[in-house]
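Read off the chains here:
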Amino acid sequence: MSATSPHAATQPLTMSGAEVVLRALKDQGVEVIFGYPGGAVLPIYDAIFQQNAIRHILVRHEQAAVHAAEGYARSTGKVGCVLVTSGPGATNAVTGLLDALMDSIPLVCLTGQVPTHLIGNDAFQEADTTGITRPATKHNYLVKRSEDVARVVHEAFHVARSGRPGPVVIDLPKDILINKAPYVEAPPATQPHRSYRPVTTPDMAQIRKAVALMKQAERPVIYAGGGVINSGPEASRLLGDFARLTGFPVTNTLMGLGAFPSQDPQFLGMLGMHGTYEANLVMHGCDVMLNMGARFDDRVTGKLSHFAPTAKKIHADIDPSSINKNVKVDVPIVGDAGQILAAMIQVWKEDSQPPMREALSAWWRQIDEWRGKNCLQYVQQGKIIKPQHAVKRLYEITRESGRETFITTEVGQHQMWAAQYFGFEKPNRWMTSGGLGTMGYGLPAAMGVQIAHPDALVIDIAGEASILMNIQEMATLCQYRLPVKVFILNNEYMGMVRQWQELLHGGRYSESYSAALPDFVKLAESFHGVGLRATEESQLDDVIREMLATDRPVIADICVAKDENCFPMIPSGAAHNEMILGPGQEGGVAGVTDEGKVLV
Amino acid sequence: MADDSGQFRSATIAVLVENEAGVLARVIGLFSGRGYNIESLTVAPVDEDRRLSRITVVTSGTEMVIEQIKAQLDRLVPVHKVSDLSLAGPHLVRELALIKVVGSGDHRVEALRLADAFRARVVDATTESFVFEMTGNAEKIDAFCALMRPIGLAEVSRTGAVAIVRGSSALTVQSHNG
Numbered sequence: 001m002s003a004t005s006p007h008a009a010t011q012p013l014t015m016s017g018a019e020v021v022l023r024a025l026k027d028q029g030v031e032v033i034f035g036y037p038g039g040a041v042l043p044i045y046d047a048i049f050q051q052n053a054i055r056h057i058l059v060r061h062e063q064a065a066v067h068a069a070e071g072y073a074r075s076t077g078k079v080g081c082v083l084v085t086s087g088p089g090a091t092n093a094v095t096g097l098l099d100a101l102m103d104s105i106p107l108v109c110l111t112g113q114v115p116t117h118l119i120g121n122d123a124f125q126e127a128d129t130t131g132i133t134r135p136a137t138k139h140n141y142l143v144k145r146s147e148d149v150a151r152v153v154h155e156a157f158h159v160a161r162s163g164r165p166g167p168v169v170i171d172l173p174k175d176i177l178i179n180k181a182p183y184v185e186a187p188p189a190t191q192p193h194r195s196y197r198p199v200t201t202p203d204m205a206q207i208r209k210a211v212a213l214m215k216q217a218e219r220p221v222i223y224a225g226g227g228v229i230n231s232g233p234e235a236s237r238l239l240g241d242f243a244r245l246t247g248f249p250v251t252n253t254l255m256g257l258g259a260f261p262s263q264d265p266q267f268l269g270m271l272g273m274h275g276t277y278e279a280n281l282v283m284h285g286c287d288v289m290l291n292m293g294a295r296f297d298d299r300v301t302g303k304l305s306h307f308a309p310t311a312k313k314i315h316a317d318i319d320p321s322s323i324n325k326n327v328k329v330d331v332p333i334v335g336d337a338g339q340i341l342a343a344m345i346q347v348w349k350e351d352s353q354p355p356m357r358e359a360l361s362a363w364w365r366q367i368d369e370w371r372g373k374n375c376l377q378y379v380q381q382g383k384i385i386k387p388q389h390a391v392k393r394l395y396e397i398t399r400e401s402g403r404e405t406f407i408t409t410e411v412g413q414h415q416m417w418a419a420q421y422f423g424f425e426k427p428n429r430w431m432t433s434g435g436l437g438t439m440g441y442g443l444p445a446a447m448g449v450q451i452a453h454p455d456a457l458v459i460d461i462a463g464e465a466s467i468l469m470n471i472q473e474m475a476t477l478c479q480y481r482l483p484v485k486v487f488i489l490n491n492e493y494m495g496m497v498r499q500w501q502e503l504l505h506g507g508r509y510s511e512s513y514s515a516a517l518p519d520f521v522k523l524a525e526s527f528h529g530v531g532l533r534a535t536e537e538s539q540l541d542d543v544i545r546e547m548l549a550t551d552r553p554v555i556a557d558i559c560v561a562k563d564e565n566c567f568p569m570i571p572s573g574a575a576h577n578e579m580i581l582g583p584g585q586e587g588g589v590a591g592v593t594d595e596g597k598v599l600v
Numbered sequence: 001m002a003d004d005s006g007q008f009r010s011a012t013i014a015v016l017v018e019n020e021a022g023v024l025a026r027v028i029g030l031f032s033g034r035g036y037n038i039e040s041l042t043v044a045p046v047d048e049d050r051r052l053s054r055i056t057v058v059t060s061g062t063e064m065v066i067e068q069i070k071a072q073l074d075r076l077v078p079v080h081k082v083s084d085l086s087l088a089g090p091h092l093v094r095e096l097a098l099i100k101v102v103g104s105g106d107h108r109v110e111a112l113r114l115a116d117a118f119r120a121r122v123v124d125a126t127t128e129s130f131v132f133e134m135t136g137n138a139e140k141i142d143a144f145c146a147l148m149r150p151i152g153l154a155e156v157s158r159t160g161a162v163a164i165v166r167g168s169s170a171l172t173v174q175s176h177n178g
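Just so you know, the protein sequences line up as chains V and D, in that order.
Residues in the first sequence are numbered from 1 upward in steps of one, following this note's numbering.
Residues in the second sequence are numbered from 1 upward in steps of one, following this note's numbering.
No wet-lab data here; the hints were simulated from the structure.
Please read these numbers as outputs of a predicted model, since none were measured by experiment.
All C-beta atoms, glycine included, are put in the ideal place defined by N, C-alpha and C.
Mixed in with the good hints, there may be bad ones.
Under the rule of at most 27 Å between Cα atoms (straight-line distance), these lysine-lysine pairs were calculated in the DSS-like manner [to be verified]:
#1 D:Lys81 x V:Lys328
#2 D:Lys70 x V:Lys303
#3 V:Lys312 x D:Lys70
#4 V:Lys328 x D:Lys70
#5 D:Lys70 x V:Lys313
#6 V:Lys144 x V:Lys26
#7 D:Lys70 x V:Lys209
Distance ranges between label pairs, derived from CB positions [claimed, not checked]:
#8 D:Leu87 x V:Tyr480: 52 to 62 Å
#9 D:Glu128 x V:Ile178: 57 to 67 Å
#10 V:Phe124 x D:Pro90: 50 to 60 Å
Use the sequences and the hints to build the structure in full.
Structure, rendered in structure tokens:
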């Protein structure tokens, strides 16, 4: 099984387990590791001290280490790497691990563990880390033999990055780190794993079935998700090629933003609960749907029994368990999004049957009519800054600057406004916690992005409530001189909670007011960053420009309208064609049944 | 779940896994975490060098749920193969039970007579008790226990189902460069 040479056993071992870990990380291409030291991982920190190949970034909380690694991974396509200690170090990392699992982000997280002879004794800082993280990871390992250290590290990286990517934990008892251990090279890529062999190459018969369906489509849609981005930039390029070849409209999920250029005339915007009117009506009315690397999430489908009632559904996904999980589909295709798109392009070109050009033109006329609703319009008048306007101006001014821009977000209204009003032309530029919805994600994720792209503009679009969940990372930003910009849409409410309370709970704003907020300008200054504030519309552009021009960590406190709601909105339990477009239509929510109310 | 108005069915699923620490916890955690039923579950190493274990799990659900269970099992890293024996054609299902009956007088005679009819073997006897060993499908063991209850059924230990497909086809792992 292992690649150990017959001589290895007889040669004296010179490396400690910790040194073997670092060597394996280096061989796996790790350049940076986000972590926080503690007793159980001191041997690894000692080994880090004695080498220069891998840079360590000291975070201020283990959750932030994982989110930072997520930001690094999502903006580069590489595997993010985390190092935390046993017990509370590992439990603090759990939220980040589950976040990465839900959003299919490749990570390897090394956790310290008490020495093997103490495992199970309730030792100091002991936790059953593999037990706790089992449902929060793609896979995990507890290394109990020195000869397994190198093999497990190599395997963990393979598992994390292949198939549907995800987080992998390696739990390393302290004695294993201190004792001498043999190093083995990573097995060659051609050598398959004993049991884990994800399918990446699609079945051509299924591709032909899908193309035949699409050739006959009169009202088609391509619904593309994070799977396209995870496949690599080539898949996004092929998605563009396929869209141009077919003339089909394209909508992206929250995770898929950037997979298709926002400026492209075939782009309908995001779909789902806060998606555009045109995207959701296209989903509702289509006759052929190509789901490319998305998972029919409840935020996307709305009421399942009314989801795309007339559509033949093609579902391309690298994870067979995503297919037929929520929505029964007609043509399942298992494989890598890039390979599937390449195959579809080839078969589409070979197939002599012409597409339904006239029907497609009629479909586009219908779509243009829906677009005419201009569902994202808002009225900015007077001094009070509309949050939508703040994001829109941020987008326009960063675009004018021409700089390479990466956006992260926290979770809530600001996240949806960012998704709606900030356009992305390329993949890997948009980092948001989609599946788990983790408040506190954006600031550490931005940190990881900035580490990977030191010269780029990295902005965390935040809310005043979310930002406080990992605000301690301002210290990390300042320590490493990472010029991340935190753009807070401050409405003094947990806005999405307030919105749901307004619409569904009789306006009883139970515990959703952000009382006793800090002065964010002084807060930034206290962390040796720069604080800016805009309280009136006339100040907005100047603050944004000053923020972009500042080569240091910045918090921009944008005081926005306090009671703005995020629209369009599909109320919970409703169908795509029961969307509320804006204020004045909230009556539409009155019809939400108790069945709808139980949904989150 | 959409379009899942289908009938409930029972499924007997065989899972070949790496015989490593934590693999059973992964399988059980998957069932409890995703709200699937486990009606019975058995596990033991099955190959010469004890590197492979075979888990037999009996579950139930709609067709869509059972498909999901198989897909979720199959994506666990240490899982080699998942086979739905209920769909694989004719197959044998067996369970082993040890059944303790306590009583005296006529009850003892009746217990032995029923055991004989069910082909249960006496594997332990005292002047006031028997332990019977029987194999069969779950219904047969249920029936035997039901008959023994008025006679003095005291304790039952059952293995849960193990199962195998009839005929020459065999569930094995793909060749590996082990």
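Now the hints, each set against the structure:
Between the alpha carbons of lysine 81 of chain D and lysine 328 of chain V the distance comes to roughly 24 Å, so the proposed pair stays at or under 27 Å and holds. With a C-alpha separation of about 26 Å, the suggested pairing of lysine 70 of chain D with lysine 303 of chain V holds against the 27 Å cut-off. Between the alpha carbons of lysine 312 of chain V and lysine 70 of chain D the distance comes to roughly 24 Å, so the proposed pair stays at or under 27 Å and holds. Our distance criterion of 27 Å between C-alpha atoms is met by lysine 328 of chain V and lysine 70 of chain D, whose separation comes to about 16 Å.
For the hint linking lysine 70 of chain D to lysine 313 of chain V, the alpha-carbon distance of about 22 Å falls within 27 Å, and the restraint holds. Restraint check: the Cα-Cα separation between lysine 144 of chain V and lysine 26 of chain V comes to about 22 Å, which is no more than 27 Å; the hinted pair holds. Our distance criterion of 27 Å between C-alpha atoms is met by lysine 70 of chain D and lysine 209 of chain V, whose separation comes to about 25 Å. Checking the proposed 52 to 62 Å range against leucine 87 of chain D and tyrosine 480 of chain V shows it holds: the Cβ atoms sit about 56 Å from each other.
In this structure the hint that glutamate 128 of chain D and isoleucine 178 of chain V lie 57 to 67 Å apart at CB holds, the actual value being about 60 Å. About 57 Å separates the C-beta atoms of phenylalanine 124 of chain V and proline 90 of chain D, a value consistent with the hinted range of 50 to 60 Å.
Taken one by one, the earlier hints all hold for this structure without exception.
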